[in-house]
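Full structure from sequences and hints, please.
Heads up: the sequence shown is residues 2 to 736, going by our numbering.
Just so you know, these hints were derived from the structure itself, not from any lab.
This structure is a prediction, so every number in the text was calculated from the model and none was measured.
A portion of the hints provided could be inaccurate.
[To be verified] Okay, derived cross-link-like pairs now, DSBU-like style, lysine-lysine, Cα gap no bigger than 30 Å in a straight line: (1) 538 with 601; (2) 354 with 325; (3) 336 with 325; (4) 378 with 302; (5) 290 with 302; (6) 601 with 52; (7) 335 with 325; (8) 654 with 290; (9) 655 with 290; (10) 562 with 336; (11) 378 with 290; (12) 335 with 562.
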Amino acid sequence: MEEIILPRRMFLWCMAVTYMIAFVSLYVQIPGLYGNDGLLPARWQLRYSGKSLPEQLLSSPTLLWLGPRLGLDTHAAMELLCLAGVTLSLAATLVEAFRDSVMFFCLWALYLSMYQVGQVFLYFQWDNLLLETGFLCILVAPVTLIRGSRVVRQHDRVTFWLIRWLLFRLMFASGVVKLTSRCPTWWGLTALTYHYETQCIPTPLAWFAHQLPVWWQKLSVVGTFVIEIATPFLFFSPLRRLRLGAFYLQVLLQVLIILSGNYNFFNLLTLILCLSLLDDQHVHFWLRKADETKDKNNGSKLQSWLSYLLELGVWSFIIFGTIKCFDLQVDTTKKSISSRTAFTYHQFNQFLKTVTIPCVWIGVLSLTWEMVTSMFKCACVSGFLRRFWGMIQWTVFAAATASMFAISLVPFTYIEYDSHARLWPGVRQAYEVVDRYQLVNSYGLFRRMTGVGGRPEVVIEGSNDGATWTEIEFMYKPGNLSASPPVVTPHQPRLDWQMWFAALGTHTQAPWFTSLMYRLLQGKRDVIELIQTDVSKYPFHQQPPAYLRAHRYRYWFTEPKADGSYPERWWRRVYDEEFYPVVHLGNNFLESMLNQFGLKDKSSPRRVSNTSVAQVVRWVRSQVRGVPAHTLIWTLIACSATFCLLQSIRNGKKCRENPVDNAAAAATTESDDKQDVCDSSVDHCEEDDKQHQGEVEEEEEEVNNGEEVEEGNNDDKDTVSANDEEDEEDDRMER
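If you want it as structure tokens, here you go:
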């Protein structure tokens with residue numbers, strides 16, 4: 002069975018980076034979104050009724066209840082929690098020993114605290130996905146900070162399996178809902194002819210992708226269905242190459258989405274989940290490093306040929322099924338491939354009823370296999386105390402994994418009503434108990450394609466005299482016809498995103514829009530910075546507008562000119578209708594809307610806290626004010642990656658310069674009944690240490706017997722072969 006030490010470590014590092022991105026992106030927007038003068042002040046979500054702290058946490062699980070105990074209002078407490086999240090995630094990114102279950106529990110609790118008061122600006126599927134994945138990190142990461150995050154436990158494959166199951170649920174549901182929604186663009190395979198220009202914040206490459214021929218767009222929709230519906234079943238294949246093939250197909254889809262659209266950390270998080278499909282051997286292949294941990298006896302030639310034939314049969318079946326289901330035909334005259342949906346909604350619904358419960362049983366069988374094999378490895382550990390302790394750990398984590406799997410069946414079976422109704426009532430009751438903590442969630446992306454008749458876009462205009470109107474341009478969302486689409490991944494400008502949703506309906510369906518108009522009329526700087534980080538680019542930065550209004554337009558990408566040259570503008574638009582009438586401070590309509598949605602703050606002005614903690618929070622805010630969020634995020638990512646790379650190079654150089662010391666350290670660790678495996682990201686000294694086989698021969702035998710393996714913290718050690726003949730044979734194979 003393949004080891005998953007390296008993918009697990011890569012997963013934890015990437016999750017630390019993702020948390021850092023999410024906290025930084027949210028932190029820069031807190032004053033405008035949730036501040037005392039923001040669009041939806043967070044203090045309105047916390048009602049201090051004199052209850053005890055445990056009762057408050059039970060009613061609304063957020064650490065913001067601790068704000069008054071620190072002398073902070075809700076706004077300052079949110080900033081403090083975000084800064085704590087940035088600090089902890091940055092520490093976990095730079096120092097491997099901090100990638101511990103305690104650290105990930107703190108990060109999950111901090112983000113959950115933000116989510117509880119985030120209201121509409123935090124109710125996105127990627128926020129739910131981050132919370133669910135973050136909670137699973139608590140089970141995947143090591144239990145204690147003392148031993149570091151490179152310790153190998155026999156139950157690691159069990160907990161890491163939950164990441165694969167989450168990836169399956171995410172991708173399969175995302176593919177299914179596109180068809181169960183009965184959206185004509187998905188059924189007609191024309192969704193991508195609208196998607197690139199109608200998505201929330203397209204990238205410049207989206208303009209070029211939009212120009213591709215229709216037959217290619219339809220074929221791309223077919224490929225999306227295959228990747229999201231068919232290939233997820235390969236995640237649980239016992240054949241390693243099938244899982245790797247599914248991995249690369251998922252990576253292809255996510256990379257294309259990242260290139261054509263700004264979806265913050267969502268697709269990055271999906272790529273991180275894909276690491277659950279890898280093993281140490283494939284990571285060694287990426288690093289161009291010989292894998293010495295794999296079994297020397299790779300099976301008979303007959304077994305290998307049977308595996309190849311089975312894999313070929315699976316891929317042939319998928320290709321054949323794709324051709325039949327979508328009636329793919331090559332048109333040699335037009336040099337294209339025609340496609341259409343060759344099945345009905347009823348047939349697809351029957352297919353869904355047929356496969357939903359088997360999907361659950363596939364998960365049960367796959368998880369059972371992981372649990373049984375890990376239990377067997379625990380039982381093979383030498384030494385009664387170590388075996389006893391290993392079995393206790395296995396019992397606890399296997400029970401936790403089985404529980405998480407059980408409650409995840411509730412949101413997973415939402416895709417098919419009859420299957421959901423057949424679930425055991427106890428599972429649904431358990432799900433209802435933990436639902437407020439966002440441990441498991443339902444997913445389904447791009448259920449329906451919007452903007453078929455043109456991309457709706459709300460444009461706000463301001464005036465000082467009521468006669469001359471000036472458009473207020475946002476940094477990221479389309480507005481100016483000549484402005485190039487931005488690239489802001491992995492930052493999410495949450496106001497720009499909600500402006501996209503607001504344009505799909507009326508202003509009464511987006512109460513926060515009335516608050517936006519009100520704050521702009523007041524000239525609140527925190528809200529203005531959500532529109533333009535550089536306030537000088539805001540047309541009314543010197544004096545707030547006396548009047549505001551909003552119109553809805555229909556936007557389309559421009560087309561290349563007849564001679565093939567590119568047009569001067571990226572967009573074209575036509576006027577649609579009035580979205581929000583002309584309002585001013587004291588306007589009856591504006592006042593009625595504020596009162597109707599409870600947006601008028603009738604409480605007395607809050608006293609500014611002068612505690613040391615509050616002063617530190619305000620100082621940090623003053624240092625980052627005016628810095629674009631995506632610039633801040635990429636700066637932190639670049640610095641963190643550079644630090645980790647330099648540390649890896651330094652450790653590798655030290656290992657090459659002191660091979661004798663490394664072997665001595667390995668022998669010392671052996672005397673303490675601890676076994677170490679090589680850290681492939683920093684250790685490249687296997688060939689130099691083969692002369693010390695006698696010192697670690699016993700260690701190699703224990704590893705083969707299933708002994709628990711712990712990787713040393715920042716010590717460069719290598720596991721070497723115990724047999725000279727096998728080493729010579731491997732050398733000949735490598736040549």
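Cross-check of the supplied hints:
| no. | hint | result |
| --- | --- | --- |
| 1 | 538 with 601 | holds, 28 Å |
| 2 | 354 with 325 | holds, 20 Å |
| 3 | 336 with 325 | holds, 20 Å |
| 4 | 378 with 302 | holds, 27 Å |
| 5 | 290 with 302 | holds, 24 Å |
| 6 | 601 with 52 | holds, 26 Å |
| 7 | 335 with 325 | holds, 21 Å |
| 8 | 654 with 290 | holds, 16 Å |
| 9 | 655 with 290 | holds, 18 Å |
| 10 | 562 with 336 | holds, 23 Å |
| 11 | 378 with 290 | holds, 27 Å |
| 12 | 335 with 562 | holds, 22 Å |
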